[in-house]
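Chemist: The residues making up each chain are set out below.
Protein chains: 2
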Amino acid sequence: MNLLEQTCREIFPQDNDARSQARARLEQLTMPHWALGDVMDLAVDLAGMSKSIEPAVEKKIIVTMAGDHGVVAEGVSKFPAEVTPQMVYNIASGGAGINALARQAGADVIVVDIGVNADFSDLSGSERFISRKIAPGTNNIAAGPAMSIANARKAVEAGIQLALDLAQSYDVFGTGEMGIGNTTPSSAIAAVVTGKPVRELTGRGTGLDDEQLGRKIAIIEKVLEINKPDPQNGLDILAKIGGYEIGGIAGLILGAAARRKPVVVDGFISTAGALIAFKLEPFVRDYIICSHRSVEPGHKYMQETLGCARPLLDLNFRLGEGTGAALAMNIVEAARRVLTDVATFAEAAVAQADK
Amino acid sequence: MNLLEQTCREIFPQDNDARSQARARLEQLTMPHWALGDVMDLAVDLAGMSKSIEPAVEKKIIVTMAGDHGVVAEGVSKFPAEVTPQMVYNIASGGAGINALARQAGADVIVVDIGVNADFSDLSGSERFISRKIAPGTNNIAAGPAMSIANARKAVEAGIQLALDLAQSYDVFGTGEMGIGNTTPSSAIAAVVTGKPVRELTGRGTGLDDEQLGRKIAIIEKVLEINKPDPQNGLDILAKIGGYEIGGIAGLILGAAARRKPVVVDGFISTAGALIAFKLEPFVRDYIICSHRSVEPGHKYMQETLGCARPLLDLNFRLGEGTGAALAMNIVEAARRVLTDVATFAEAAVAQADK
Chain A
1 MNLLEQTCRE IFPQDNDARS QARARLEQLT MPHWALGDVM DLAVDLAGMS KSIEPAVEKK
61 IIVTMAGDHG VVAEGVSKFP AEVTPQMVYN IASGGAGINA LARQAGADVI VVDIGVNADF
121 SDLSGSERFI SRKIAPGTNN IAAGPAMSIA NARKAVEAGI QLALDLAQSY DVFGTGEMGI
181 GNTTPSSAIA AVVTGKPVRE LTGRGTGLDD EQLGRKIAII EKVLEINKPD PQNGLDILAK
241 IGGYEIGGIA GLILGAAARR KPVVVDGFIS TAGALIAFKL EPFVRDYIIC SHRSVEPGHK
301 YMQETLGCAR PLLDLNFRLG EGTGAALAMN IVEAARRVLT DVATFAEAAV AQADK
Chain B
1001 MNLLEQTCRE IFPQDNDARS QARARLEQLT MPHWALGDVM DLAVDLAGMS KSIEPAVEKK
1061 IIVTMAGDHG VVAEGVSKFP AEVTPQMVYN IASGGAGINA LARQAGADVI VVDIGVNADF
1121 SDLSGSERFI SRKIAPGTNN IAAGPAMSIA NARKAVEAGI QLALDLAQSY DVFGTGEMGI
1181 GNTTPSSAIA AVVTGKPVRE LTGRGTGLDD EQLGRKIAII EKVLEINKPD PQNGLDILAK
1241 IGGYEIGGIA GLILGAAARR KPVVVDGFIS TAGALIAFKL EPFVRDYIIC SHRSVEPGHK
1301 YMQETLGCAR PLLDLNFRLG EGTGAALAMN IVEAARRVLT DVATFAEAAV AQADK
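So the sequences go chain by chain: A and B. With the numbering used here, letter number 43 in the first sequence gets 43, and the count goes up by one each step, no holes. Position in the second sequence (first residue = 1) + 1000 = the numbering used here.
Fair warning: there could be bad hints in the mix.
Claimed, not checked - Computed list of lysine-lysine pairs in DSS-like fashion (alpha-carbon distance at most 25 Å, straight line):
1) B:Lys1300 <-> A:Lys300
2) B:Lys1059 <-> A:Lys59
3) A:Lys78 <-> A:Lys51
4) B:Lys1222 <-> B:Lys1078
Derived from the structure by calculation, the hints contain no laboratory data.
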């Protein structure tokens, strides 16, 4: 059996006993019933994911997957493609947005070249960089498929293997990405998986004006028309209209779920990766924490498909890299603290509410 | 001149030069324009508050003001009044919700007896407890004023003096409170200051049912009818329909603002304190960070009065104690990190967007 199929077989729903135990304790804490709302819901989820009412959340890592996109030739981004490798260097040297926010959250960062059109041999000694390169970017999806099915599998399995390796050292994963042009494949994936019209899902990416936005929508419609991905087949969607970093993220989520580790999913592109993972194995939903609501309009529908009506944060982020995931890791830590650090009515001898 | 008037004279608007310098740097960071949205807005505010593009945010404290309320005799709360002192002990011993969330955020906590109906002499050695008691709780505001104007001034000045003392050791303040019954005076203050009907502002507090909620609304309407507070006079509002912890919070905010320190304001009751501070000196608005949107329906209108249309978090919290403020301190730290830790396009040699 291949790594992908093997991993999917190791993904189970959250543990109901641990969820019940967590809920029972939270209902006895010295506060009005469920007064920390969504953070208490998250605490129950952490227990269910980890099968423990003392879920480990201390060691945190953001994995930022980087890839290039042939569709940039269609003029879908305001930034030139060479920004992808430039930002890989920036993240590796600690100067990007994700580095700042991960530092605040006490999370490590690694940037992964899974499909960038550049040679990073000079980064081989960097502690924040690893190479898992499958190809130097996708083909132009407005003219044909992004990659072969074989390469789509390779991208997902690279993400899985990385998660399995990192799961030996880390408790919580965060997804991130860097790839100029990658809101275009992500919008296309959102359209296929949610069934919503492209026009409702597509946003301004890094800052398109009205005319450029109209053009982007037309290109995405063409992408879908030309490639006709099968909405029920995650690898087919990824191969036809995806990206290497999106496949890597899907794999990372699958691998983390197979090890019962929470995965904090970042913004629009990361959520496209989560949708691919969800199509490959629906139980991954139980390990996904939606960090924030992106400015991109399709994000809401994508998150709803994952069962996440209320992401933790809504701060007008549209950066990616894993920045929303990093910031939300503070809330994951807070949820664990609520579960384990707060006294019950009995422990603290506090009177309860009238029934 | 009294401490209150002197302090109000020391509160100035945010510094425009520091704001401009911060904005100029943020616009050059290696990311799409303003891609970290609200966190970047907050970074500009921190610079304007502190007059520095390297605003200090490391040393953080949550001040949880505790007081009792005579109006509890009307049956406005599901919890008995003795829970106020019980929770003071719980916070002092580190077992309350605020302790857990403050620990996560790296913030210290102190609980202040400013008006609790209990003797805490056995807590005198506790590092997390201080006494600034003015009276053992308010009078029943459904029958007359909460306190004398002299005591209202004492409560505010106790908060100011505490902030001035703590400002020597701390960079960021968070407000919190504990006081069974205190959503009732807070709703009354919200009605007076926002001009909205009581019915639209009043919620279920720690968990009232429909009948109890109707009764609470009728009581708050009676509170306003009997006391007729002057909407333009902060001390008059506080004395007639407030609470000691609400006055202490107002003072804490004024004192922090006078020292140009950011104050992260917690939920419904803390925001009532902020409205009193705002009525005493409108410039305090420039130092207030609204941490979260409470479940209480009036909170939205109160925050809008403070110029805060979008609080940082919205997680269905309804606990108080400072819990929302503690969690939001992570975002304050993140804003500082974005301002100082992220490389500019020039520093990192990354290509910029087409104009």
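Chemist: So, for every hint listed, does it hold in this structure?
Modeler: Hints, one by one, checked against the model:
no.	hint	result
1	B:Lys1300 <-> A:Lys300	holds (23 Å)
2	B:Lys1059 <-> A:Lys59	holds (23 Å)
3	A:Lys78 <-> A:Lys51	violated (45 Å)
4	B:Lys1222 <-> B:Lys1078	holds (20 Å)
Consistency note: the structure conflicts with earlier hint 3 alone.
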